[in-house]
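Protein chains in written order, with the numbering used here: chain C, 0 to 263; chain P, 129 to 447.
Treat the hints as calculated values from the structure; they're not laboratory data. One or more of the hints may lead you astray.
Below, in silico cross-link-like pairs of lysine-lysine (DSBU-like), each with a Cα-Cα straight-line distance of 30 Å or less [stated by the list, open to error]:
hint, chain 1, residue 1, chain 2, residue 2
1, P, LYS219, C, LYS150
2, C, LYS155, P, LYS235
3, P, LYS244, C, LYS18
4, C, LYS18, P, LYS341
5, P, LYS311, C, LYS237
6, P, LYS311, C, LYS1
Distance ranges between label pairs, derived from CB positions [said to hold, decoys possible]:
hint, chain 1, residue 1, chain 2, residue 2, range
7, C, LYS96, P, ASN192, 26 to 36 Å
8, C, TYR191, P, GLU160, 54 to 64 Å
9, C, ASN234, P, GLU441, 49 to 59 Å
All residues carry an ideal CB built from backbone N, CA and C; glycine is no exception.
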Amino acid sequence: MKICVCIKEVPDPDIPSNKLRIDKQNFKILPTENVPNVVNGFDLNAVELALRFAENFDNSSISIISVGNALTSDVIKKPIAMGADEIITCDNEGLGKIDITATAFILSRIIEKNGPYDMIFCGRHASDFDYASVPFAISEFLSIPIINIVKSITLKDEKLLIERVITDGFQMIEASMPLIITTGNQVGDPRYPTLKGIMNASKKQINNLSLSDLGISETEILPLIELEEMFFPENENKVEMIEGANNQEKAVNLISKLKEEGAI
Amino acid sequence: MISVLAVIINENDTLNESSLEIFSFIDSLDIEKKVTAINFGGDKELVSTIPSNDIFYVPIEDSNKTNPQDLILALDKFTTENYFDLIVFQKDDLSNYLAPAFSYRKKIPFLPDVKKFVSSDQDRMKFIRPIHGESAEGLYSVNSKKPFVVKIRKSSFEKKLLSTKKSDIKEFLLQKDMTRRFKILDTKKLEPTGIQLDQADVVISGGRGIGSKEGFKKIKELAKILDGAVGASRAAVEAEWIETSQLVGLTGKWISPNLYFTFGISGASQHLAGCTNSKNIVSVNIDPEASIFNHSRFGIIADCNEFLSELIEELKKTQ
Numbered sequence: 000m001k002i003c004v005c006i007k008e009v010p011d012p013d014i015p016s017n018k019l020r021i022d023k024q025n026f027k028i029l030p031t032e033n034v035p036n037v038v039n040g041f042d043l044n045a046v047e048l049a050l051r052f053a054e055n056f057d058n059s060s061i062s063i064i065s066v067g068n069a070l071t072s073d074v075i076k077k078p079i080a081m082g083a084d085e086i087i088t089c090d091n092e093g094l095g096k097i098d099i100t101a102t103a104f105i106l107s108r109i110i111e112k113n114g115p116y117d118m119i120f121c122g123r124h125a126s127d128f129d130y131a132s133v134p135f136a137i138s139e140f141l142s143i144p145i146i147n148i149v150k151s152i153t154l155k156d157e158k159l160l161i162e163r164v165i166t167d168g169f170q171m172i173e174a175s176m177p178l179i180i181t182t183g184n185q186v187g188d189p190r191y192p193t194l195k196g197i198m199n200a201s202k203k204q205i206n207n208l209s210l211s212d213l214g215i216s217e218t219e220i221l222p223l224i225e226l227e228e229m230f231f232p233e234n235e236n237k238v239e240m241i242e243g244a245n246n247q248e249k250a251v252n253l254i255s256k257l258k259e260e261g262a263i
Numbered sequence: 129m130i131s132v133l134a135v136i137i138n139e140n141d142t143l144n145e146s147s148l149e150i151f152s153f154i155d156s157l158d159i160e161k162k163v164t165a166i167n168f169g170g171d172k173e174l175v176s177t178i179p180s181n182d183i184f185y186v187p188i189e190d191s192n193k194t195n196p197q198d199l200i201l202a203l204d205k206f207t208t209e210n211y212f213d214l215i216v217f218q219k220d221d222l223s224n225y226l227a228p229a230f231s232y233r234k235k236i237p238f239l240p241d242v243k244k245f246v247s248s249d250q251d252r253m254k255f256i257r258p259i260h261g262e263s264a265e266g267l268y269s270v271n272s273k274k275p276f277v278v279k280i281r282k283s284s285f286e287k288k289l290l291s292t293k294k295s296d297i298k299e300f301l302l303q304k305d306m307t308r309r310f311k312i313l314d315t316k317k318l319e320p321t322g323i324q325l326d327q328a329d330v331v332i333s334g335g336r337g338i339g340s341k342e343g344f345k346k347i348k349e350l351a352k353i354l355d356g357a358v359g360a361s362r363a364a365v366e367a368e369w370i371e372t373s374q375l376v377g378l379t380g381k382w383i384s385p386n387l388y389f390t391f392g393i394s395g396a397s398q399h400l401a402g403c404t405n406s407k408n409i410v411s412v413n414i415d416p417e418a419s420i421f422n423h424s425r426f427g428i429i430a431d432c433n434e435f436l437s438e439l440i441e442e443l444k445k446t447q
């Protein structure tokens, strides 16, 4: 059973919005303080679901793949520490500003080169740009069907029984491999890396491929949609702080304010 | 003059009201346009009052078993037979699947979560969409001489009013995608309990600062007094103090209440994405630097549990 998981390195989404700055040249969001990047949360859910799925088979391997510019090796190796087997990247200067289509195109080429894979797992969207599109583009490039926001996969005879999350409910879907799956936090918490896993990850070499290794020319990854500018929205909001000698007084003052405004 | 297609997914026997936001978005484009709407399912009478020049209706047998693969095939066929410069989707479960899948099938550019149209010139159209939750924004441009697809951000545009007179609707039939590779066996909707978060007029959310399951009992008590719904940040949901269904944010519910209380929520972009459409945000946090205050109408610097108890007591007195 050959499985791969696509991951993305992102700024920590739990950083409060007033502790972020924008690198206008490279279109990147950066923390103002030294907070390390993380693997996109939903991608870790994807790793978790892939690891659980692999447990159904005696012989399986999980490849982690990632595309970007100046990836942080300690960050992107986390899935290895969780139990994945190998990591393949296309980490090249100039890949920091590519669009969805180009990202999916490069990922698809890596998948083709190292595949064929029976299952491809991806996070439902990345917390930085939130396009929720790359897995769909991979699906079209590789002609492999996609089911989004999956909670669990059960193997039944030769078929897969998939529980898909929808707003206020779920769907049961019958599918077969090869298949692309996207995941959200409904999968449950990603497992913690074990000590053995961490040791393993520290020794693991990242297999980095260049565009030419993948047979991709730069003209093939020109953006269809151009991000021209990135900025913080103007915040015209003026907060009114409710004062008081103690919490009781503050509560009384708040209630009268809200009544004045007709909010309660 | 451009030709625009609005793609609308309706539940059985209704009209998806938020799809009316698509027409306000189309109105905001500063060029002359002809609008066509394609409806998948829904109530035919209501569909015939959609504010569009042309209305198409695709009958759906059982919306619980609609296979997105069939819908993509239908859209592919429909847009091959009829040319459109711009195809607009809204944000719902099925559209979230269809919009990107359709765009890449047709090999045309796709821009999701557009919140504003900025300008158009000879051959470029510019739009704004949020980045990193709601903490930043990006200005995007696309070649408008070739077809492209936009999905609009929920609640960023007003719902356009239905027209008072009915138009003729034309049928377009769905064909089964014979190559489809998965089958929807069943759809189960969970019965909603209590007031629905995304429809509530008042929402009270707790975050990391609440600190325990016990703390959420107080949040629920306040919600009861104010006739509101209970929400939570990701930290609170992950700590299992409250059910995942109550998550407000990028990955949970998108709310737009008149009054939104946050207790012990710092204002990470994850959370802001789901609540910045609230009319009045009241935030309680012990940290005066908490970024949630930058988005709030009223702020209270206090231990959120202590303040919550006092607020409940004082509100009880006024009732």
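Tested hints:
1. LYS219(P) - LYS150(C): Given that 30 Å is the threshold and the Cα spacing comes to 21 Å, the pair holds.
2. LYS155(C) - LYS235(P): 35 Å, violated
3. LYS244(P) - LYS18(C): With a Cα-Cα distance of about 25 Å, the restraint between LYS244(P) and LYS18(C) holds, given a limit of 30 Å.
4. LYS18(C) - LYS341(P): Since the Cα atoms of LYS18(C) and LYS341(P) sit roughly 29 Å apart, the hinted pair holds (cutoff 30 Å).
5. LYS311(P) - LYS237(C): 52 Å, violated
6. LYS311(P) - LYS1(C): 23 Å, holds
7. LYS96(C) - ASN192(P): 26 to 36 Å: 42 Å, violated
8. TYR191(C) - GLU160(P): 54 to 64 Å: Hint holds: Cβ distance 58 Å, inside 54 to 64 Å.
9. ASN234(C) - GLU441(P): 49 to 59 Å: 34 Å, violated
Going through the hint list in order, the structure does not satisfy hints 2, 5, 7, 9.
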